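Peer 1: Following the hints, complete the assembly by docking chains B, C and D onto the known chain A.
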Amino acid sequence: MARWGMAIDLAKCSACQACVVACQSENNIPCVPPEEARSGRILSWISLLPELEGEYPRLSMRLVPLPCLHCDNPPCILVCPVKATGINAEGTVHQIYPRCIGCRYCTTGCPYTRRMFNWYKPEFPGDLALALNPDVSVRPKGVVEKCTLCHHRLMQAREEAKAAKRPLAEGDYLPACAEVCPSGAITFGDLDDPASAVAQLARNPRAFRLLEDLGTKPKVFHLAEGEWSGGRGNQT
Amino acid sequence: MADWSPMPPPLAARWTIGGGFVLCFLVGAVVFSAAGRNHAASQPIAFNHAKHLANGMSCTDCHTGVETQARATLPALETCMNCHATALTASAEERKVRDLAAAGKELAWVRLTQVPAHVFFSHRRHVVLAKIACAICHGPMEKATAPPARPFREFTMDACTQCHENNRGGTECNDCHR
Amino acid sequence: MDVETKLEISRDDAVLIQPIVAARGSFYYLAAALLAFSALAFFAWVEQLRRGLGVTGLNVPVYWGVYITNFVFFIGISHAGTLISAILRLCHAEWRRSITRAAEVITVLVLFFGVGSIIMDLGRPDRALNVLRHPNFRSPLLWDVCSISVYLMASTIYLYLPLIPDIAILRDRTGGASWFYRFLAAGWRGTEKQKRRLDRAIAVMAVLVIPIAVSVHTVVSWVFAMTVQPGWHSAIFGPYFVVGAIFSGIAALIIAMALIRRIYFLHDYLKPVHFNHLGLLLMVMSLLWFYFTFAEYLTTFYGGDPSHLTVFYSKLTGRYALAFWTMFATCFVIPFPILAWRRTRTVAGTVVASISVIIGMWLERLTIVVPTMSQPRLPWATGLYSPTWIEIAITLGFGATFILLYMLFTRFFPIISIWEVQEGREHSLPEVIERVRSYMPGTEPVQ
Amino acid sequence: MSFKVGRRDFVRFAGGGALGMAASGIGMEAISRFNEALAAEQMQVPGGPESWALGVCTQCPAGCGLRVRKVGARAVKVQGNPLHPVNQGGLCPKGVAELQTLYHPDRLRAPMRNTGTRKSPRWMQISWDEAIATLTGQLRKLRDAGQAHTVALVERNRHSLSSRLMQRFMTAYGSPNYLVLPSGQDALKTAVHLQQGVTQPVAYDWDRAQYVLSFGVNLLEGWGSPASIMRAFGRWRDPSSGRRTKFVQVEPRFSLTASRADEWVPLRPGAEAALALGMAYVLITEGLYDAAFVREHTFGFEDWHDDAGRAHQGFRSLVLSEYRLQDVAALTGVPEETILRLAREFGNHRPAVALGDSQTSTLPGNPYSAMAVHSLNALVGSIDAPGGVLIQAVMPASPPPGSVTAWPRIDQSPSSVFPGHHLAEAARAILAGRPYPVQAIILNEVNPVFSMPNGTAFEQCLDQTPFVASFAVFLDESAMRADLVLPAQTDLEKWQAVTSPPTFPSAVQSIAAPVVPPRYQARQPADVILELAHQLGGAAAQALPAANFEEYVHAQAGELFAAQSGSVFSTSMEDAWNRLLDRSGWWSPTYATADELWEQMQKQGGWWDPTYSHGEWQRVLKTPSGRFEFYSQTLAHWAAAHPEFARNAGMKPDDDRLFLPHQTPIADPPPGYPLLLLPIEVLPLAGGEGGHLPYLQQIAGSHLFEAWESWLEMDPETAHKLHIPDGAIVWIESRRGRAQVRARVYAGVRPGVVHLPLGYGHTAGSELSRGGVNPLSLLEDRREPVAGLPQSAGTYVRVYPS
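Protein chains in written order, with numbering that gives the first Met the number 0: chain A, 0 to 235; chain B, 0 to 177; chain C, 0 to 446; chain D, 0 to 801.
The shape of chain A in the complex, shown without the other chains:
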């Protein structure tokens, strides 16, 4: 059984946010109008978290692409009163939209603020609805939604592999964000397979997990930026 995880190398990330748009497009996430965006209701399953520190001219900015971290010990599923969210055998935290009552306890319980709520009925002005992906539902108003690691792509990849009578190979299944990343900063794969690229990156000394001390055990690793130190062999 695979344990799907992700490693995001902050050194390689150019903060272009292609992952954000790819996710929106893949998962039928509606764009909210300006006034809604201003009140902080942008829906996005992965977004760029900026952390600016220091004063001019000694500044540093960490720009962290942040999807749902798919914790092994997710605080969100514990609090859902109706079992609308859960973690499957492969460690993916899911949300069942037709059961969700919209109490937003999970959004409150998530220390990473990575769950989104549909404040309104989703709108796709004009013909923008034509770009909707039929593999992913359009969430109705009033329910919570979240990153699924593009689970529909896993189902598709698995189906294809099975139809071709071969095992699922590394790279067969990639979420939209990992696939689009132009600088190769997002690595995705099976954390339980020690040979996989993602498992190796997870063991990298630069690897860390956000708010690790909360004990949530995220399956999304971030790799710290590291520094240039003279040009050669300075990277671990």
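Simulated from the structure, these hints should not be mistaken for laboratory data.
There may be inaccurate statements among the hints.
Said to hold, decoys possible - Straight-line C-alpha distance at most 30 Å; calculated DSS-like pairs for lysine-lysine:
{"#": "1", "chain 1": "D", "residue 1": "Lys651", "chain 2": "A", "residue 2": "Lys161"}
{"#": "2", "chain 1": "A", "residue 1": "Lys82", "chain 2": "A", "residue 2": "Lys216"}
{"#": "3", "chain 1": "B", "residue 1": "Lys130", "chain 2": "B", "residue 2": "Lys50"}
{"#": "4", "chain 1": "B", "residue 1": "Lys130", "chain 2": "A", "residue 2": "Lys164"}
{"#": "5", "chain 1": "D", "residue 1": "Lys651", "chain 2": "D", "residue 2": "Lys621"}
{"#": "6", "chain 1": "B", "residue 1": "Lys142", "chain 2": "B", "residue 2": "Lys95"}
{"#": "7", "chain 1": "D", "residue 1": "Lys69", "chain 2": "B", "residue 2": "Lys130"}
{"#": "8", "chain 1": "B", "residue 1": "Lys130", "chain 2": "B", "residue 2": "Lys95"}
{"#": "9", "chain 1": "D", "residue 1": "Lys118", "chain 2": "D", "residue 2": "Lys140"}
{"#": "10", "chain 1": "B", "residue 1": "Lys142", "chain 2": "B", "residue 2": "Lys130"}
{"#": "11", "chain 1": "B", "residue 1": "Lys142", "chain 2": "B", "residue 2": "Lys50"}
{"#": "12", "chain 1": "D", "residue 1": "Lys602", "chain 2": "A", "residue 2": "Lys161"}
{"#": "13", "chain 1": "C", "residue 1": "Lys270", "chain 2": "C", "residue 2": "Lys194"}
{"#": "14", "chain 1": "D", "residue 1": "Lys69", "chain 2": "A", "residue 2": "Lys120"}
{"#": "15", "chain 1": "A", "residue 1": "Lys161", "chain 2": "B", "residue 2": "Lys130"}
{"#": "16", "chain 1": "D", "residue 1": "Lys602", "chain 2": "A", "residue 2": "Lys164"}
{"#": "17", "chain 1": "D", "residue 1": "Lys602", "chain 2": "D", "residue 2": "Lys69"}
{"#": "18", "chain 1": "B", "residue 1": "Lys95", "chain 2": "B", "residue 2": "Lys50"}
{"#": "19", "chain 1": "A", "residue 1": "Lys161", "chain 2": "A", "residue 2": "Lys120"}
{"#": "20", "chain 1": "B", "residue 1": "Lys104", "chain 2": "D", "residue 2": "Lys651"}
{"#": "21", "chain 1": "A", "residue 1": "Lys164", "chain 2": "D", "residue 2": "Lys140"}
Remember, predicted model here, so these are calculated numbers, not experimental data.
Peer 2: Relative to chain A, chains B, C and D alone:
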């Protein structure tokens, strides 16, 4: 029994009106609620499944996606025209196909069997990988001489999970919920 | 065969059923005004249902706001009632007799608004029953569902039981013509056996209702405390919430009593001494509240966890400072001196203190819910939250509807327990003398 | 039992029944209405057979390869084509957002004629036949009257075959006026032309560079070809390569690029040249420069004498005398030790490249600064070296026909040594009616009124031109000023053929067939031009015999086949490399005929020639001396005949610095306008485009959590001094105008400077496009003297609460 004493007239009148009201209300409720949900599908042509299958065709000849894709797909007019470009019979229904093609229109099939919008269902997964016969869900189409009016069975979550449990299909929520 | 003792209303107590017998015109005007507020709230709710929760001021990351504040607040108020009256009953506090009913009614009615607030807050109220169909017992919200429904049942029974003899009075007064009272009186004839049973039942319910009430607000606090959010994840939240609940409950009770006293001319039944006693209780709760608040914030401050401190400072000096310090003033600085000083612990004084406490406790709930939400651990844009007219309308509507229902209750049932007051007059005095005597040295307990 | 049913009973019963029926009907209706309100029905997304198609993105000139997922006839997802050499499967957000352009609600649906006036247009829908007839009529009339040269066609240089077709059409029709919008690389192009004598685009060997020093180039925010630069950026930081390329960003603002760099060197705005020359000082004094390269391949390093025997100052003595460390530190605000360290690192970590000077992808920098920066490349021998600065390989294609008209172009730059032409000069010429009045303008998917510095001048140009036609996807600000608006197809609807993107060393030809059928009545502008050419007849028809653009592209593939080099995009880049290297230059294609090549190009996405031969000096150094010229003889020769040049630059004509890189400071603030306004570019709206796409609007300001609206970046100190809280709405006023905008306090802003992002402030289009302020509407019209490039730096503003 003969002394069955009728109610005093005003009360009886009220009962009559009330009875009519209740009776018709109940009938109406059933009728209206059913009418809203389950109107029998009327297809653009009276397609005869039995005849086509008897002529040696198979499901996948028209529902081309069954074995390769998630969606079985309903046949486009073009598919029909592959055989029916020239008249094979004197059927009026067959002529409709050519008339539509001549008018440059498409066949507006009414999708009969449909899972809810939040469910993902893959035909290939069920038909090719799990080797489930079409008839299990769609019924004996080889006997259908007219387009079926309503789905062969109700596609409820219980029905899905029951089959999945019986056949070890897996009941991971997100594998079907999307 | 028991002896039936037909309860008669003494002439003195006739004033108690006056509201039931004849309503004043002002009653209807007030009811209409309140109804207008209810209608506004209903309109707001329909608007919210139609368009979605987007019509509220909630956003990311402030997912919870006024509705949840109202929920905690109303559930808190509900402790007034049952808990106070049960404790006083069990303690044989004789001054309780004229105030228990008023308190119990608050409890039962206000619980509906607590639950209603949650319904308002749901994105999909149409699926609310999923809580029963697919319960997740690991969710504190489900514990809430359980404890609140148990509490609602228990306190309804606890309200109903002492009502029975009074309903019988009303039934008998109308000569049994009203099916309503006939049904509710449940065949009460006032026999000794019935009385004994009723006394036993009330006593049992009083004992039962206390732990249930304590559990309810503990569980409410756990809704917050069970998450890892800074400012919520605190072990003293249970008792802190219970204290806050009783605190606000007493305040609500004092206000209700003052209004009843004034409107129905019940100065004779609700005397300054009642207000004095409740005022003392309120003062004690105010001290307790201060103690818990102090303990909570001091530990946060010393703990020094940056994420906790962000929330801490946002309340003390930051964006929520106004709400926080208003809360502190209205929960402690204003009421405590009023209540502590004998000369101001008058009817008017306690009412002023209570109003202040009610405002303060609502703000306390708000400053617990919103600041934590708006400053998540990860530095997302910190959320700005201000409620929209929808939320304000629904909140006001809830308040108005509560008052309306309370008024209606007084129209149908005596708001002061007639039989208990009578019983107090007739039997308590010797009992009390006996009891006090038993406290004294050199007297054998009466077996 | 007797039970009589009387008539009356029956009426009663029926009456009750009717009421009951009505009640239940109304009741059911009410219930279902209520249910709908409670549980809004879920949107059903139509399915269909899944398929994949290849496309090309032309949101910017990079032309990344796309892989488009289709369901039925709908395009539902855009991904990168993994075979494409430029983006190799990755994409920038603009590419992913292609779908929103395709299905945008504001798209033009049919050709329209303006029946009102220019200032208050009234649109009447017309047929394509009528539109083309109108266009043909106008052009024929002008040609028959001998006025063919007064027609101008304006577009963005798209590095595509469609651009080449347009150029060809204009030439064949008889007009020299094929005009392009200014580009952010114009200063760099000028510098390379002056110092290397080439007009072919500059390219960088990103993958092998060890040290990348950018002088204000927003490398990760839309400059060049974003996806390929981001891929390179990822590789610089790839631990598996065992090294880390150092990337240094020199820039006044802590931009996103600066934040991603290994080091950010903040400097005074406009002091890039001084810093570059200060580094040159260190390289020279410490002997860190590539002496062999300088000796063999450069000119003007040492002091020298011309043929007339006049002594000239060399680069070395200029630098040593005028750019000493402490002077440079004072000019730039960068500490001496930092300059020293940067120069040493730059000299010691080769191959190293320096790039600049440029601000954004649309606003060019200063050519002298660009020369100063480019001189650093020469000093460390990075010119045409592996890992250095390259000159893009030339596409194998037949050359465009020469000009058939003797008329001069209307966009003559001040110095004709500059090879590019751009609209800034054209606007000036059109307004003045010199050298001749322009009678017709055709806009091809450009919106100069919005995207040009000083766009109002261009607005006036359009207003005074008798006939204006615009190919446009949206009814934008410029199309609003046209007589004829022609709906253009978007990327996924049309035949696409994009050639080598800027900054990419190899020759690339990406092609794609339409992915989805065209929406509405939109047509590919190239198709319309071809039809126009046929209708016009004569030279135009002869020069463009193709019936449609597909045929035209197909014919070009024949030329690629004839060139006998390169290969079709293949499954693995490494394979292609190895194969080519193994055979040591032997060409072994996978195709035997031109048609096979055409087939394979369609299937794989295109053709490219990955080989690059370094050190072809006669190709990359075409100066009079055949060397890299620190001292530009090209410029000197031209200036000798044009005394006004030195006057414009404010120097004596015999001053050698006129032809050497040197620092030209930004003017001082005028009284009352204390803050320097510098427009900035954000990747989602790079090129000033994309403002109409919700996907991009939502992410454009994410470093400040801004969305859908532009913002004015201020440093905390200035904001505090002006009593402007974060998020307040303020007025920003330049001498040209004023606008209201939301002020955002950002610690990354240099005190004394404010920034506005480009791409906001549309006045046309629906609500989806509007919002914010167009910084270009506040900029003063400033040009530099060498090539007349518009300069974005130098406008001062005041900011006050509103």
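Peer 1: Is the hinted pair lysine 104 of chain B and lysine 651 of chain D satisfied, with a Cα-Cα distance of at most 30 Å?
Peer 2: 77 Å, violated
Peer 1: Between lysine 130 of chain B and lysine 95 of chain B, does the CA-CA distance stay at or below 30 Å?
Peer 2: Violated: lysine 130 of chain B and lysine 95 of chain B sit about 35 Å apart, past 30 Å.
Peer 1: For lysine 161 of chain A and lysine 120 of chain A, compute the direct alpha-carbon distance and say whether it is at most 30 Å.
Peer 2: Measuring from Cα to Cα gives roughly 37 Å; hence the hint is violated.
Peer 1: Do the alpha carbons of lysine 651 of chain D and lysine 161 of chain A lie within 30 Å of each other, as the hint requires?
Peer 2: Cα-Cα ~79 Å, so violated.
Peer 1: Within 30 Å, alpha carbon to alpha carbon, are lysine 270 of chain C and lysine 194 of chain C?
Peer 2: Distance of about 28 Å is within 30 Å: holds.
Peer 1: Would you mind confirming whether the straight-line C-alpha gap from lysine 602 of chain D to lysine 69 of chain D stays at or under 30 Å?
Peer 2: 16 Å, holds
Peer 1: Take the C-alpha atoms of lysine 82 of chain A and lysine 216 of chain A, compute the straight-line distance between them, and say whether it is at most 30 Å.
Peer 2: The given pair, whose Cα atoms are some 21 Å apart, holds under the 30 Å limit.
Peer 1: Would you check the hint for lysine 118 of chain D and lysine 140 of chain D, treating anything up to 30 Å between C-alpha atoms as holding?
Peer 2: Holds, at about 25 Å.
Peer 1: CA of lysine 130 of chain B to CA of lysine 50 of chain B, is that 30 Å or under?
Peer 2: Distance ~25 Å between lysine 130 of chain B and lysine 50 of chain B Cα, so the pair holds.
Peer 1: Between the alpha carbons of lysine 69 of chain D and lysine 130 of chain B, is the straight-line distance 30 Å or under?
Peer 2: 27 Å, holds
Peer 1: For the pair supplied as a hint, lysine 142 of chain B and lysine 50 of chain B, confirm whether the alpha-carbon distance does not exceed 30 Å.
Peer 2: Holds. Lysine 142 of chain B to lysine 50 of chain B sits at ~9 Å (cutoff 30 Å).
Peer 1: Tell me if the straight-line CA distance from lysine 602 of chain D to lysine 164 of chain A falls inside 30 Å.
Peer 2: 26 Å, holds
Of the numbered hints listed earlier, those contradicted by the structure are 1, 8, 19, 20 and 21.
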